[in-house]
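**Q** Sequence:
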Amino acid sequence: MDSAMLRRSDENRAVTPGKAMRAVDRFIPSRSALDLDIAHYNLVKENTSGADVDLASEVASPSKEEYKKQLACAFLSGAGENAGSSGSAARNKILAFKSKAPVPSAGNENASRGVYTSNDAGSVKTKKTFRHVPSAPERILDAPELIDDYYLNLIDWGSSNQVAVALGGVVYLWNAESGDITQLMQTSADNTDDYVTSVQWGADGKHIAVGTNAAEVQIWDVARLKQVRTLRGHTARVGALAWNGTSLATGSRDNNIMMHDVRIREHCTSTLTSHSQEVCGLKWSPSGTQLASGGNDNLLHIWDHASIGNGTHLHRLDAHQAAVKALAWCPFQSNLLASGGGTADRCIKFWNTTTGAMLNSIDTHSQVCALQWNTHEREILSSHGYSQNQLCLWKYPTMQKMAEFTGHSARVLHMAQSPDGNTVVSAAADETLRFWKCFSDENASSKTKKLKENADASVLRRFAFR
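Here the numbering used here is used: the first residue of the sequence shown is 5, the next is one more, and so on.
Since the hints were made in silico from the structure, they are not lab data.
Wrong hints could be hidden among the right ones.
Calculated cross-link-like contacts (lysine-lysine; reagent style DSSO-like; alpha-carbon spacing at most 27 Å) [to be verified]:
{"no.": "1", "residue 1": "K405", "residue 2": "K441"}
{"no.": "2", "residue 1": "K210", "residue 2": "K230"}
{"no.": "3", "residue 1": "K441", "residue 2": "K399"}
Estimated spans, in silico, between C-beta atoms of each pair [said to hold, decoys possible]:
{"no.": "4", "residue 1": "I268", "residue 2": "Y390", "range": "19 to 29 Å"}
{"no.": "5", "residue 1": "L47", "residue 2": "E70", "range": "17 to 27 Å"}
{"no.": "6", "residue 1": "R269", "residue 2": "D208", "range": "17 to 27 Å"}
{"no.": "7", "residue 1": "Q325", "residue 2": "T186", "range": "37 to 47 Å"}
All C-beta atoms, glycine included, are put in the ideal place defined by N, C-alpha and C.
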């Protein structure tokens, strides 16, 4: 009877509702993959309180301590001298899976999985604080008879990828792609006192304005190597030029700024007379709505395009203590202007040209000759004269110095930037031009970089204009 009852009980258990076998999402560690002795040792070690440890150390004999050390080494040091790190890690585990956990079936995925993996350190891209900046020039050009005069502007890099440089009374064009050198113009041989005092490319890359010591401004067609117009009106040398479409601003030693429309016969549309000494710096904002002018009277003026015909400035800024020649408009903030002062000032100042407020001032401890913003990063490059004769790369807005470029043996009077914004050319009183790849775009394709590297495999290629 007892055996019959047991048999009946087993049958009933087999058909009990709700006990049918079904798939579960639990995954039980396999004991066969564990070393139970090591697991027990680790658990006891982790759960031992600080008091128990202290008490055990007080009553333990030296022989017991030595035994514990040997036991710990035997358990935790791995399978031996030839055991790899993966073997040691496996022996140190308290729980271990015999095989990888199964993939959940369709419809049973954990919807909250993304919440716990969104902060995965591996998926977060860390931005580099500093980037590699080559400290040596890419190439050097000899520039004999480059005039050593702080108030002139003798170099410019046009959108056609040609560098225009004035050497004495001659303007040369250097093609950055082919390396060809062309003589554009030469001042009159009859006037031995005449020489080129400024050059400025038009935005189209086809025309160039040339200022002279004879108070003229010449407009040249580069493709035809022909002078197409002469603009007169100044009474002294024209040392600063700034294009804005078909409008050309010219600054002179006669203290005046003249606005020219090169399309019409009566080209002078207005004359600005706010400066009391030579105008040596002129720059239009990228939007063409504001003009900045700097002079040897230590003043910086901001002019609004809409009211410039009235001859009244928008702001008169007098914080500099020396001539203001270096001017640069920020490419990523339309109303931000950087200005640099001469030997008695040595400062780079940043201005909000909407309000006229000075945002920051940095003492560079050297004459500031020229400024160039990086169009790829928030950086600004300055060139200096007495007494360092170097170029400095600054991080904006912290103005932390990122790099210094040395090599010129005299003050670095002028700078110009390539159309792609990667390279800056500097012209110094040591009669050399040096090309620095300091603004290189790190997001450019590696293929393009490799082609450029192959093209420049000769490291420093040196040319001479004469």
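**Q** Honestly, do Q325 and T186 meet the 37 to 47 Å range at C-beta?
**A** holds, 42 Å
**Q** Are the Cα atoms of K210 and K230 separated by 27 Å or less?
**A** holds, 11 Å
**Q** Does the structure keep K405 and K441 at a Cα separation of 27 Å or less?
**A** Satisfied, since the Cα-Cα distance of roughly 17 Å is no more than 27 Å.
**Q** Does the Cβ distance between I268 and Y390 fall inside 19 to 29 Å?
**A** violated, 43 Å
**Q** Starting from the range 17 to 27 Å, see whether the pair R269 and D208 falls in it by beta-carbon distance.
**A** Between R269 and D208, where Cβ atoms are some 21 Å apart, the hint holds.
**Q** Is it true that the CA of K441 sits at most 27 Å from the CA of K399?
**A** holds, 16 Å
**Q** With 17 to 27 Å as the target window, see if L47 and E70 comply at their CB atoms.
**A** Distance hint for L47, E70 holds at roughly 23 Å.
Of the numbered hints stated above, the single one contradicted by the structure is hint 4.
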